[in-house]
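K.L.:
Below, each chain spelled out in residue letters.
Number of protein chains: 2
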Amino acid sequence: MLFMKEHVTKQARRAKEASRLLACVPVEVRNGALLAMAWDLEARQDEILEVNAKEVETAREKTKRPNMIDRLILTPKRIADMAEGIRQVVKLDDPIGKLDFEVVRPNGLKIRRVRVPFGVVGMVYEARPNVTADAIALCIKSGNACILRGGSEAIRTNKKIVDIMKEAGEANGIPPRSIEFISILDRDSVVVMCRLRKLINVIIPRGGAGLIARVVEHSTVPVIETGTGVCHTFVDKTANQDMAIKVCINAKTSRPSVCNAMETLLIHKDIAEEFLPKIVAAMPMVELRGDEACQQIIPDMKAAVDDDWTTEYNDLILSIKIVDDVDAAIEHINQYGTAHSDAIITEDKANATKFEQMIDSSTVYVNASTRFTDGFEFGLGAEIGISTQKMHARGPMGLEALTTTKYLVDGDGQIR
Amino acid sequence: MLFMKEHVTKQARRAKEASRLLACVPVEVRNGALLAMAWDLEARQDEILEVNAKEVETAREKTKRPNMIDRLILTPKRIADMAEGIRQVVKLDDPIGKLDFEVVRPNGLKIRRVRVPFGVVGMVYEARPNVTADAIALCIKSGNACILRGGSEAIRTNKKIVDIMKEAGEANGIPPRSIEFISILDRDSVVVMCRLRKLINVIIPRGGAGLIARVVEHSTVPVIETGTGVCHTFVDKTANQDMAIKVCINAKTSRPSVCNAMETLLIHKDIAEEFLPKIVAAMPMVELRGDEACQQIIPDMKAAVDDDWTTEYNDLILSIKIVDDVDAAIEHINQYGTAHSDAIITEDKANATKFEQMIDSSTVYVNASTRFTDGFEFGLGAEIGISTQKMHARGPMGLEALTTTKYLVDGDGQIR
Numbered sequence: 002m003l004f005m006k007e008h009v010t011k012q013a014r015r016a017k018e019a020s021r022l023l024a025c026v027p028v029e030v031r032n033g034a035l036l037a038m039a040w041d042l043e044a045r046q047d048e049i050l051e052v053n054a055k056e057v058e059t060a061r062e063k064t065k066r067p068n069m070i071d072r073l074i075l076t077p078k079r080i081a082d083m084a085e086g087i088r089q090v091v092k093l094d095d096p097i098g099k100l101d102f103e104v105v106r107p108n109g110l111k112i113r114r115v116r117v118p119f120g121v122v123g124m125v126y127e128a129r130p131n132v133t134a135d136a137i138a139l140c141i142k143s144g145n146a147c148i149l150r151g152g153s154e155a156i157r158t159n160k161k162i163v164d165i166m167k168e169a170g171e172a173n174g175i176p177p178r179s180i181e182f183i184s185i186l187d188r189d190s191v192v193v194m195c196r197l198r199k200l201i202n203v204i205i206p207r208g209g210a211g212l213i214a215r216v217v218e219h220s221t222v223p224v225i226e227t228g229t230g231v232c233h234t235f236v237d238k239t240a241n242q243d244m245a246i247k248v249c250i251n252a253k254t255s256r257p258s259v260c261n262a263m264e265t266l267l268i269h270k271d272i273a274e275e276f277l278p279k280i281v282a283a284m285p286m287v288e289l290r291g292d293e294a295c296q297q298i299i300p301d302m303k304a305a306v307d308d309d310w311t312t313e314y315n316d317l318i319l320s321i322k323i324v325d326d327v328d329a330a331i332e333h334i335n336q337y338g339t340a341h342s343d344a345i346i347t348e349d350k351a352n353a354t355k356f357e358q359m360i361d362s363s364t365v366y367v368n369a370s371t372r373f374t375d376g377f378e379f380g381l382g383a384e385i386g387i388s389t390q391k392m393h394a395r396g397p398m399g400l401e402a403l404t405t406t407k408y409l410v411d412g413d414g415q416i417r
Numbered sequence: 002m003l004f005m006k007e008h009v010t011k012q013a014r015r016a017k018e019a020s021r022l023l024a025c026v027p028v029e030v031r032n033g034a035l036l037a038m039a040w041d042l043e044a045r046q047d048e049i050l051e052v053n054a055k056e057v058e059t060a061r062e063k064t065k066r067p068n069m070i071d072r073l074i075l076t077p078k079r080i081a082d083m084a085e086g087i088r089q090v091v092k093l094d095d096p097i098g099k100l101d102f103e104v105v106r107p108n109g110l111k112i113r114r115v116r117v118p119f120g121v122v123g124m125v126y127e128a129r130p131n132v133t134a135d136a137i138a139l140c141i142k143s144g145n146a147c148i149l150r151g152g153s154e155a156i157r158t159n160k161k162i163v164d165i166m167k168e169a170g171e172a173n174g175i176p177p178r179s180i181e182f183i184s185i186l187d188r189d190s191v192v193v194m195c196r197l198r199k200l201i202n203v204i205i206p207r208g209g210a211g212l213i214a215r216v217v218e219h220s221t222v223p224v225i226e227t228g229t230g231v232c233h234t235f236v237d238k239t240a241n242q243d244m245a246i247k248v249c250i251n252a253k254t255s256r257p258s259v260c261n262a263m264e265t266l267l268i269h270k271d272i273a274e275e276f277l278p279k280i281v282a283a284m285p286m287v288e289l290r291g292d293e294a295c296q297q298i299i300p301d302m303k304a305a306v307d308d309d310w311t312t313e314y315n316d317l318i319l320s321i322k323i324v325d326d327v328d329a330a331i332e333h334i335n336q337y338g339t340a341h342s343d344a345i346i347t348e349d350k351a352n353a354t355k356f357e358q359m360i361d362s363s364t365v366y367v368n369a370s371t372r373f374t375d376g377f378e379f380g381l382g383a384e385i386g387i388s389t390q391k392m393h394a395r396g397p398m399g400l401e402a403l404t405t406t407k408y409l410v411d412g413d414g415q416i417r
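One line per chain: the protein sequences are D and Y, in this order. Under my numbering, think of the first position of the first sequence as 2, with each following residue one higher. Under my numbering, think of the first position of the second sequence as 2, with each following residue one higher.
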């Protein structure tokens, strides 16, 4: 623990030092380095695939969770996607130096507020190696040094990706030590990172609820929470039911392992007898868990228990509740949800507006699938995560979420 | 402790419930209620003054710190200033509902991002009772419920101010329980507040370094750190020395107890022999503590020790260091400062630009006093505090810093 702590602290200190230089690197150099990183990831894909294959093998021996293996595994296609993701980041506007406020005060002081990098971004994440490439690309583009701590299952794959990107970056003008990767296998390294207030400016955890809770509990470094999504769809009395079925199938089944997938379906009581059987028929592959009212309509439906309303299944399971009206739906969602993404399917404009106003979530949908909560889908170009908290950034976070501001005040001797 | 914990939790829960209603209260009603609050504070000032006089008396018996007494004491003028502050807040634009991003995606999804209140703002502060009125005004204006925990010395004065403002607010359309004040005298109530993640959306501590460190250490609620200011002025070789003297006197002595006052003066070595004696002559009322180089010029100057470089004196004390050049000044400030406000006095444009770019502080001045870091001075109209961290808000925080955003997505059945 002591060695690990010293080592991680030293890495963070190096990143901090590098961050001061990186903040002054022009965007052309940052972009050029990113293109070199993308190129080298593809050129050296055999090295990555070799390391990854061994890790996948080890993981298969240890776990029976096919989801985890799926997230861990890399293919030439996935590496090409990573590289393409980096090239997309290159195309985005530089967020640094943007003037977002300017005023000349009556006393002649000229006040400007400009966008600047955070400094050092700490990323703590789980199995998916593509997060490594995404995080580095977004941090470097936004002028931030980063210190990465990935999941143990993918540690060698991640290390290889980092090494390739570091080498390409440093050969192309990125200050050495701008990218640090924690390769010590020690669960407590997360906690150590979370306490390095003077060295790390923000911690972004990406992963399951357990990881995020752990970071929030221990961190004195400011945290941007991401990802846990207990997302709802409320099918109102006036819903176009064909649309509702289509949207529900998409929200639940198109990719059940992600945070913007639907976990709970709420149905207006006046249409429940008609609509619930349609859901049952439309989702034969999904395990449905209903409240008592559901069971009265579909007697052999499995019963939902209290925990179901707060569970992010990340799986082909759906809890269903029949509610009295839009107000009851809003109350349920605000009570049990995670303020991620929630949808209403309705033809009633007043209910749609009420839902948009009263639901306290990062993204509120009217007549669309919750699956759209995503940086690319929103046109932000890329995302470092989806913030489920209200501080700094909310919802899908693009490059700007990795920056802060600084006031520059020019005078000619003004005193107060 | 158990009773206190339950009580504070109950207060926070009420505030949370009220916040859902308050978020929908139109700006005309919020403004009307604020005007009523301002009116009643003045109309009922005798009640406030009476309570305050007793507290001041008690405080005088307990402490010899005139600063503390000065901050605690209320006068008709100070109450009128509070009321005027509220009226200023009424005049500010409503931050709520502002559209700050809008796009129609190729698939027809219409995405809007609008400003919404945080929900419940927790304020933890020390002696000054005017913070109570400011905080309530800014929270109500921005549609936020608030839960306030002031310093024990002012607890009765604060309670009286809160009661008057609550009554005026509730009589004018503000949902009951939107303003909660913790009147239990228990140091640990701060810690309890800091752990109420589901009920309080953000904690803003205002006060000394000890209070802020305590909140950061214990909080799982996101914190916006404010205020601790070890502010520097660097007098460069090319400085207009008359201007430099005038700015330094202002930065150090106009109000030494506040966070934007100068604590450390850095002087370029080439002008030190000429400039340092001028400072000594200009600040007879200030205790100067110099490094060795200073003592070689002014032999009887008190020696600065290591702690001096990191101390926020909040008093008529100034530490002075002689540095080689602008780079050494930047290094010193980034190492020992609190990233609050730092100034360079120079006629050298290149050095000014370098200083602006490299100093990692919320506000960087060229040829002006650090004392201007303030919401009113920046034209924000009012401030809830000065953020010394990089998340969410940086520097003086006005109404917008008390809001977050929400994405509203309208579709006609889009699936992904």
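To be clear, the hints were calculated from the coordinates, so they are not data collected in a lab. All figures in this text were calculated on a predicted structure; none of them were measured in a lab. Treat each hint with caution, since some may be false.
Said to hold, decoys possible - Below are the DSS-like pairs computed for lysine-lysine, each with C-alpha atoms no more than 25 Å apart in a straight line:
#, chain 1, residue 1, chain 2, residue 2
1, D, Lys-6, D, Lys-160
2, D, Lys-111, Y, Lys-92
3, Y, Lys-279, Y, Lys-238
4, D, Lys-111, Y, Lys-279
5, D, Lys-238, D, Lys-199
6, Y, Lys-238, D, Lys-111
7, D, Lys-99, Y, Lys-350
Claimed, not checked - Derived coverage of chain Y by chain D (criterion: at least 3 residues anywhere in the stretch with Cβ under 8 Å from a Cβ of chain D; other residues may be distant):
#, segment
8, 215-224
9, 363-372
C-beta: ideal position from N, C-alpha, C; glycine also.
K.L.:
Each hint: holds or not?
P.N.:
Structure-based check of all given hints:
Only pairs whose Cα atoms come within 25 Å are accepted, and Lys-6 of chain D paired with Lys-160 of chain D is accepted, the gap being roughly 19 Å. A C-alpha spacing of about 24 Å is found between Lys-111 of chain D and Lys-92 of chain Y, which places the hinted pair at or below 25 Å, so the restraint holds. Of the supplied pair hints, the one linking Lys-279 of chain Y and Lys-238 of chain Y holds, its CA atoms being roughly 15 Å apart against a limit of 25 Å. Using a Cα cut-off of 25 Å, the hinted pair Lys-111 of chain D and Lys-279 of chain Y is violated, with the two alpha carbons roughly 28 Å apart.
Using a Cα cut-off of 25 Å, the hinted pair Lys-238 of chain D and Lys-199 of chain D is violated, with the two alpha carbons roughly 54 Å apart. For a cut-off of 25 Å, the pair hint linking Lys-238 of chain Y to Lys-111 of chain D stands: about 23 Å separates their Cα positions. Taken as a hint, the Lys-99 of chain D and Lys-350 of chain Y pair is honoured in the structure, with Cα atoms around 21 Å apart against an allowance of 25 Å. A stretch counts as covered by a chain when three or more of its residues have a beta carbon under 8 Å from one of that chain; for the segment 215-224 of chain Y and chain D the count is 5, and the coverage holds.
Look at the segment 363-372 of chain Y against chain D: 9 of its residues bring a Cβ nearer than 8 Å to a Cβ of that chain, three or more, so the hint holds.
Hint violations for this structure: numbers 4, 5, all remaining hints satisfied.
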